[in-house]
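Trainee: The primary structure of each chain is shown beneath.
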Amino acid sequence: MILKMLSLMKLTFKEGARERAILGIGLFALLMMCASFIVVNFFMRDLHKVAVDINLSAIGLAGLLLTFFVSINLLSMDIDKHTIYCVLSKPFSRSQYIWGKYLGIMLIITAAFFILTVCSSINILLIKSQYAVWFQRFSWMEFYKAVYASLLMFFLLNAIVIFFSTITTSSFLTLLFSISTYIAGQTIEEVVMFLKTSGAEEMALSGGVEKLIGIAQYILPNLSAFDLKVQASHAIIVSNSYMMGITFYSAFYSTILIFAATLIFNKRELM
Amino acid sequence: MKKTGQKICLIILLIGGLIVFQQNFIEHRKRLLNTNPINYFVPSKVTGLVSLEFKGIVSDFLFLKLSTLLGDKIIKKEKFKQNQADFIYQAADIITDLDPWFWDAYLMADMVLAWDFKEIDLANKLLLKAKKYRTWDFKVPYYLGFNYFYFLQDNENGSKYLMEASKLPGSPEYLPALATRLSVYQNNYGPAIVFLMDLLKSTHASSSVIPLQKRLETLIILENLEKQVDKYEKLNKSLPTDLFDLVKKGFIDRIPDDPYGGKFILLPNKRVFTTSKMIDK
Amino acid sequence: MAKIILKNISKSYRSDFKRKKIIAVNDVSLNINQGEIFGVIGVNGAGKSTIIKMIQGFIRPDHGEILVCDKKPSDPNSRLKMGYLPENPYFYDNLSVLELLQFSAAASGIQKHIAEKQIDHLLNIVDLHDVRKHKLRTFSKGMTQRAGICFALVHHPEIVILDEPMSGLDPPGRKMVIDLIKSLKEQGKTILFCSHILNDVERICDRVAVMDKGRLKKIFRSDEIVANSMEEIFLNIIQGK
Numbered sequence: 001m002i003l004k005m006l007s008l009m010k011l012t013f014k015e016g017a018r019e020r021a022i023l024g025i026g027l028f029a030l031l032m033m034c035a036s037f038i039v040v041n042f043f044m045r046d047l048h049k050v051a052v053d054i055n056l057s058a059i060g061l062a063g064l065l066l067t068f069f070v071s072i073n074l075l076s077m078d079i080d081k082h083t084i085y086c087v088l089s090k091p092f093s094r095s096q097y098i099w100g101k102y103l104g105i106m107l108i109i110t111a112a113f114f115i116l117t118v119c120s121s122i123n124i125l126l127i128k129s130q131y132a133v134w135f136q137r138f139s140w141m142e143f144y145k146a147v148y149a150s151l152l153m154f155f156l157l158n159a160i161v162i163f164f165s166t167i168t169t170s171s172f173l174t175l176l177f178s179i180s181t182y183i184a185g186q187t188i189e190e191v192v193m194f195l196k197t198s199g200a201e202e203m204a205l206s207g208g209v210e211k212l213i214g215i216a217q218y219i220l221p222n223l224s225a226f227d228l229k230v231q232a233s234h235a236i237i238v239s240n241s242y243m244m245g246i247t248f249y250s251a252f253y254s255t256i257l258i259f260a261a262t263l264i265f266n267k268r269e270l271m
Numbered sequence: 272m273k274k275t276g277q278k279i280c281l282i283i284l285l286i287g288g289l290i291v292f293q294q295n296f297i298e299h300r301k302r303l304l305n306t307n308p309i310n311y312f313v314p315s316k317v318t319g320l321v322s323l324e325f326k327g328i329v330s331d332f333l334f335l336k337l338s339t340l341l342g343d344k345i346i347k348k349e350k351f352k353q354n355q356a357d358f359i360y361q362a363a364d365i366i367t368d369l370d371p372w373f374w375d376a377y378l379m380a381d382m383v384l385a386w387d388f389k390e391i392d393l394a395n396k397l398l399l400k401a402k403k404y405r406t407w408d409f410k411v412p413y414y415l416g417f418n419y420f421y422f423l424q425d426n427e428n429g430s431k432y433l434m435e436a437s438k439l440p441g442s443p444e445y446l447p448a449l450a451t452r453l454s455v456y457q458n459n460y461g462p463a464i465v466f467l468m469d470l471l472k473s474t475h476a477s478s479s480v481i482p483l484q485k486r487l488e489t490l491i492i493l494e495n496l497e498k499q500v501d502k503y504e505k506l507n508k509s510l511p512t513d514l515f516d517l518v519k520k521g522f523i524d525r526i527p528d529d530p531y532g533g534k535f536i537l538l539p540n541k542r543v544f545t546t547s548k549m550i551d552k
Numbered sequence: 553m554a555k556i557i558l559k560n561i562s563k564s565y566r567s568d569f570k571r572k573k574i575i576a577v578n579d580v581s582l583n584i585n586q587g588e589i590f591g592v593i594g595v596n597g598a599g600k601s602t603i604i605k606m607i608q609g610f611i612r613p614d615h616g617e618i619l620v621c622d623k624k625p626s627d628p629n630s631r632l633k634m635g636y637l638p639e640n641p642y643f644y645d646n647l648s649v650l651e652l653l654q655f656s657a658a659a660s661g662i663q664k665h666i667a668e669k670q671i672d673h674l675l676n677i678v679d680l681h682d683v684r685k686h687k688l689r690t691f692s693k694g695m696t697q698r699a700g701i702c703f704a705l706v707h708h709p710e711i712v713i714l715d716e717p718m719s720g721l722d723p724p725g726r727k728m729v730i731d732l733i734k735s736l737k738e739q740g741k742t743i744l745f746c747s748h749i750l751n752d753v754e755r756i757c758d759r760v761a762v763m764d765k766g767r768l769k770k771i772f773r774s775d776e777i778v779a780n781s782m783e784e785i786f787l788n789i790i791q792g793k
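Protein chains in written order, with our numbering: chain C, 1 to 271; chain W, 272 to 552; chain R, 553 to 793.
Okay, chain C solo, but in the shape it has when bound (with noise of 0.2 Å):
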């Protein structure tokens, strides 16, 4: 069963690593960095800061790009397109086929979050040669902490996209839906506690509404956790108890998600 799985998830890693799209996002990553070269002298002190940002940010676009664009295409255009007949026709479960497929899409993601941290180490290195005295509080670890916080959150993403691939009936609508949860689960933390200070009074919601927010952040996946951008561009350490919460956090949503995914794929039709 593990080896059924390893060679779909060999066959998706291979489909998905040469879309030309990814050519495509790896060039803009890259741009970004570049540019962080130019941004970083129109700031008067923090530069580590602003080449932390600006690195940081362009792995985490890059990964939201392969995520809406890429993975997408792997498994809800696979089924529109029907080249999932070409998998199933041989001896694989449903289960097997959404598992192979969350794992070579997460063999992507990683793949191309270690090429985008390995160049944006390169662009933090020359930049801080050149700017040395700027650079006073900069921390390797807590950046590359804060690469595999945004990792672990893509591992999550993609599970909610592979979730989502198997209920709605079109990739259109998938990529809807997870854009949707994407942007709930990055704002949901921070509506929430809102809430709990003065906006529910200053925004005069109704009990209702606020209940609604209540479940809604049991149920939506909280994406802020992950976020240790800003911690980062400051070297402001986080906790390896912390980094342990989140690794569990994900790995226990995505496993639900996939489990999910399963069971419902498991009773869909492929007309």
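Derived from the structure by calculation, the hints contain no laboratory data.
A portion of the hints provided could be inaccurate.
Think about it this way: if two alpha-carbon atoms lie no more than 20 Å apart in a straight line, the pair counts; the simulated PhoX-like pairs of lysine-lysine are [claimed, not checked]: (1) W:Lys519 - W:Lys508; (2) R:Lys737 - C:Lys14; (3) R:Lys572 - C:Lys14; (4) C:Lys128 - W:Lys508; (5) C:Lys81 - R:Lys687; (6) R:Lys664 - C:Lys10; (7) C:Lys81 - R:Lys664; (8) R:Lys687 - C:Lys14.
Use these hints to put chains W and R onto chain C, whose structure you have.
Mentor: Coordinates of chains W and R only, in the frame set by chain C:
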């Protein structure tokens, strides 16, 4: 072949037309932008949510927007209007809501609010916010201390914050001594000079260095004039009536020029003052 | 011994909320025996592809039972010894035909060294050996069809399902497919063969089932079909004569 050639000519003509149009349009655009009142910033409740996971880079972008706006005014030597102080405070507040550790934003706001608008309370409000987050950074209590001492003549709080700063790593060695001096020296340009010299050492962007150097130059002149007034008083057992007395008695060769274009005046309390108030006209 | 058993299979679906139910397959029962070439013919929308998809497990019948080598289609192992060529094969554009076949063999548990030999053999038969490393997106329809045939056969399946295998092929290609089918029969393979080209069906099938509007109209044995009369027989059945 002929048709292709015609199409290429047409494209070249259109590109030429576009370039001409753009040159004219840029002028129209500049005029329109100049008539705009000061730009607005969207409140952080919205900006924060909309930034999603890119709060850091959005704060950088907003900071650039603010600093180019301010820089533009400085370069054009435009006077700031008083209501713009609130705008600058709000802009810095939004930027630091997105990234509460963003020192450049706190510093720029402090410099402009304190030195250009004399809105010390607003400047201190931001610095107190910075203090909550930048707990390791001696510069926050350092600037707070300076504001209390220099602008508010509150030596007690000035000394308190400078002492706080002196306990944080990386703080200058002279800080404890400076903090104690504050309780001794009532009105003196000395601490301000030391402060500005230290500030210049740690400023990178040339757009910020030039105004700071000008201010330092002026403070050094003021301090020197006050020292000469003290010497005059000690020798002649009376204060000079004006600065010309110093020239007549040979304490100085001439009354120096104010880098800001004002005039140096001797006040009855022995303080030397400049009519420019160290503000660019 | 029956390799594929369909017992009272029915399948219907709704095209949208407003339209009434469309019956794709209506109470179809048939057995496909080991070693036979079983043809299924019918007009577009007769239910041929729906039956094949149910055998493959892509869709489930509303009623009835399907067994493939005594296993239900929901069991992935029912496809272990089955090769399938869909009517319009869609393959991953960024893979080469070699990678596709390597995947097919690996997925079916074929050892690498055996798979390599089989892949080479098949690619030579369908004349794709020279382009084996080219991306599938560069293939013409005929080349894709031939790649699909290799995909269906690379793992030595016992049952081969071919849905319109001649589609997109030129005359030499069609002859190649017919020869291939005949050689598969000699190897004792069971073949389910759907086609619109009635001459081919008549020529190579041991039995032929005629479907119309989801119903199984009649099953002919090859000896019951007079030469070149398949078209007439088919039209008579469809027109209810």
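Trainee: Please go over all the hints and tell whether each is borne out by the structure.
Mentor: The hints, checked one at a time:
{"no.": "1", "hint": "W:Lys519 - W:Lys508", "verdict": "holds, 16 Å"}
{"no.": "2", "hint": "R:Lys737 - C:Lys14", "verdict": "violated, 35 Å"}
{"no.": "3", "hint": "R:Lys572 - C:Lys14", "verdict": "violated, 43 Å"}
{"no.": "4", "hint": "C:Lys128 - W:Lys508", "verdict": "violated, 58 Å"}
{"no.": "5", "hint": "C:Lys81 - R:Lys687", "verdict": "holds, 17 Å"}
{"no.": "6", "hint": "R:Lys664 - C:Lys10", "verdict": "holds, 15 Å"}
{"no.": "7", "hint": "C:Lys81 - R:Lys664", "verdict": "violated, 29 Å"}
{"no.": "8", "hint": "R:Lys687 - C:Lys14", "verdict": "holds, 12 Å"}
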